[in-house]
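K.L.:
Residue-level listing of the chains:
Protein chains: 2
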Amino acid sequence: MIPFNKPYLSGNETNYIKDAVATGKISGNGYFTKKCHGFFEKQYGFYKCLLTTSCTDALEMAAILIDIQPGDEVILPSYTFVSTANAFVLRGAKLIFADSRTDHPGIDEDSIEALVTSKTKAIVPVHYAGVACDMDKIMALSEKYNLYVIEDAAQAIDSYYTGKDGVKRALGSIGHLAAFSFHETKNIISGEGGMLAINDKDFAERAEIIWEKGTNRSAFFRGEVNKYGWVDVGSSFLPSDIIAAFLWAQLENLKNIQSRRLEIWNTYHSKIEQWANSNQIDLPQVPGYATNNAHMYYLVCRDLEQRNELIAYLKSNGISAVFHYLSLHKSEFYQANHDGRSLPQTDRYTDCLVRLPMFFELNENEVIHQIKLFK
Amino acid sequence: MIPFNKPYLSGNETNYIKDAVATGKISGNGYFTKKCHGFFEKQYGFYKCLLTTSCTDALEMAAILIDIQPGDEVILPSYTFVSTANAFVLRGAKLIFADSRTDHPGIDEDSIEALVTSKTKAIVPVHYAGVACDMDKIMALSEKYNLYVIEDAAQAIDSYYTGKDGVKRALGSIGHLAAFSFHETKNIISGEGGMLAINDKDFAERAEIIWEKGTNRSAFFRGEVNKYGWVDVGSSFLPSDIIAAFLWAQLENLKNIQSRRLEIWNTYHSKIEQWANSNQIDLPQVPGYATNNAHMYYLVCRDLEQRNELIAYLKSNGISAVFHYLSLHKSEFYQANHDGRSLPQTDRYTDCLVRLPMFFELNENEVIHQIKLFK
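Going down the list, the protein sequences come from chains H and E. This note's numbering applies: residue 902 is where the first sequence begins, and numbers increase by one. This note's numbering applies: residue 902 is where the second sequence begins, and numbers increase by one.
Calculated from the structure, these hints are not laboratory results. No experiment lies behind these values; they were computed from the predicted model shown. Be careful, since some hints might not be right.
As the list makes no split between identical chains, a pair holds if one copy fits it or if it spans any two.
[Claimed, not checked] Straight-line C-alpha distance at most 30 Å; calculated DSSO-like pairs for lysine-lysine:
#1 Lys-935 with Lys-919
#2 Lys-907 with Lys-1128
#3 Lys-1065 with Lys-943
#4 Lys-1128 with Lys-1273
#5 Lys-919 with Lys-1156
#6 Lys-936 with Lys-1069
#7 Lys-1231 with Lys-1128
#8 Lys-1128 with Lys-1216
#9 Lys-995 with Lys-1020
#10 Lys-935 with Lys-1020
#11 Lys-1216 with Lys-1069
#12 Lys-1069 with Lys-1045
#13 Lys-1128 with Lys-1045
#14 Lys-1156 with Lys-935
#15 Lys-1128 with Lys-1276
#16 Lys-935 with Lys-1102
#17 Lys-1128 with Lys-995
#18 Lys-1172 with Lys-907
#19 Lys-943 with Lys-907
#20 Lys-1065 with Lys-1231
Same shape as in the complex, but just chain H (with noise of 0.2 Å):
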């Protein structure tokens, strides 16, 4: 059985845990804690990062940072996973649901403007595969209407955009606040895990109080002030050293990882081209001002039937290849306080969408051999 994913593993995860242990402290914000924070700062431009216990984690501080009120609408896709929606459902936000584009499962960045009122307080684009929201689109909406710009960077680590300037930043680095997941899903892993990116520098601050349970614990060490104490808001955002010297293990590995997973998806694209126009399947699009990250080799089929079958399919001949997001504009939880518009592309990618198996040691040709002989 070729599995959907398998975690990739550097070789010194449990060595740089044993050296955690080793310190004497492994709660939060420890040596490799700090470790990661420098190399992401570095290595991408962030302000300020935050490692957090999930994306998940890091988007409720987004919404905890730009001070989401009851009755404050956010623009998202509906084509997302939960998390992007949960963590201003939580802080009582209303949610605007944009559609998806027609060539890629991201935000029709050309649909937002519509949707802005007087209450928008936000835009939260997702990178959608790791490829780039067109940002330049969305951050002259932001300067417009004086709105936030979360980054939901969930698949986007290692990935970049350039803009109309011809300046080529790193995805993560261009809205107000951004999130990032290392759950073992990604190309970058810490089974689970996450990191919020500051750019807009009057969050720092308050960002940190916040991950620290609203106190000013690390002011207090760094001898900024005399006692610590209650200060804000706030949770237990940050996760244990232990987390963050897995994550270090796997950025010593960055290039190697992404190196491996780029041969794997143009190794895809370019050996089924063939097949999927004759099956009329669609395959990733990657815009002129994205990069590819290879986080994930997807499939858009004709309907829900074809990829209902391709799925079953690939299953029987010991392939698991799976879909994902059920458009939240039409979930369980959230239907009722939808606007009723209708989300043609974002329901598209709900039936049609199927993903590829894509892990460092996967034997792609393996997957390519049999979907090939799928009719």
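Here the structure of chain H is known, so what remains is to put chain E in place on it, guided by the hints.
P.N.:
Relative to chain H, chain E alone:
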């Protein structure tokens, strides 16, 4: 230098982490997570357990489960960690702070009834130092006024309460819900980590959904529903199985850990009694209905000056003793919302309490030797 805390390691932590990694599933709800759940449910009689990334997160789950709405009132001690308070503030609750007992830093059970109003939704007793609150009194109020009881059992693993009915019950098994911590400063650790114990069966199904980001994913994998989707609010409360693997190595050594901690506690207690009496310093008291899980050894000095002198003296002699908890009703964040009642015992413990080093490998006689020289 004798530190205040040193994480105890059984020796198998990294072995089990390796095992977890070898399963290919290091996200949440894996092999070790289920082993830990089973252990706790069997050992302590909790109806259902869910590991969380922190005790804070377990308290947040509890606040969501009892459906705290803005304006609902929650009664809790002022002498507690900020997380007890934050979890409910995040849902919009108004905090009603109770004072501590004169003989113990735990909530003054007899002061609670006067604080109950028509808006009161829950009482959150904190089992300070792992010593039980008088749960008969609290559960009687719960029944009389139809209030939820959420035990903050952060420090209270492996500790018990014997009620008037003569039945000895584990702390965390008495209230509707309970939250535990496995932070590195606790008896049983996983770096950062926690657990929600669910005793009211009516919360079990929804707890699992909230834990899984508001989806019915767990029910789906058990074959109870045909597909899973977004059915409720939620977050990513579940820790990586790496964390659960670490915790499992600790649980296998629970008896050994508890036995050694109790030895230290008893040695402290017997050998410094005379010194404490002659310096007007109070030693901890354990009521007859409670057991002692030896989480903490603390002293209550006669005043702030003596407390600070004692800490400074010990520090200058290579011993790290610490104070903690600043009255939350006087915190920068919440003082303006407090109703103005003075809470003299809370303030006394804020000023006068000091915690002595307490960890498995401690040479307690070195501490005792030094402390006896303080006058």
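K.L.:
Which hint numbers does the structure go against, in order from smallest to largest?
P.N.:
10, 11, 13 and 20
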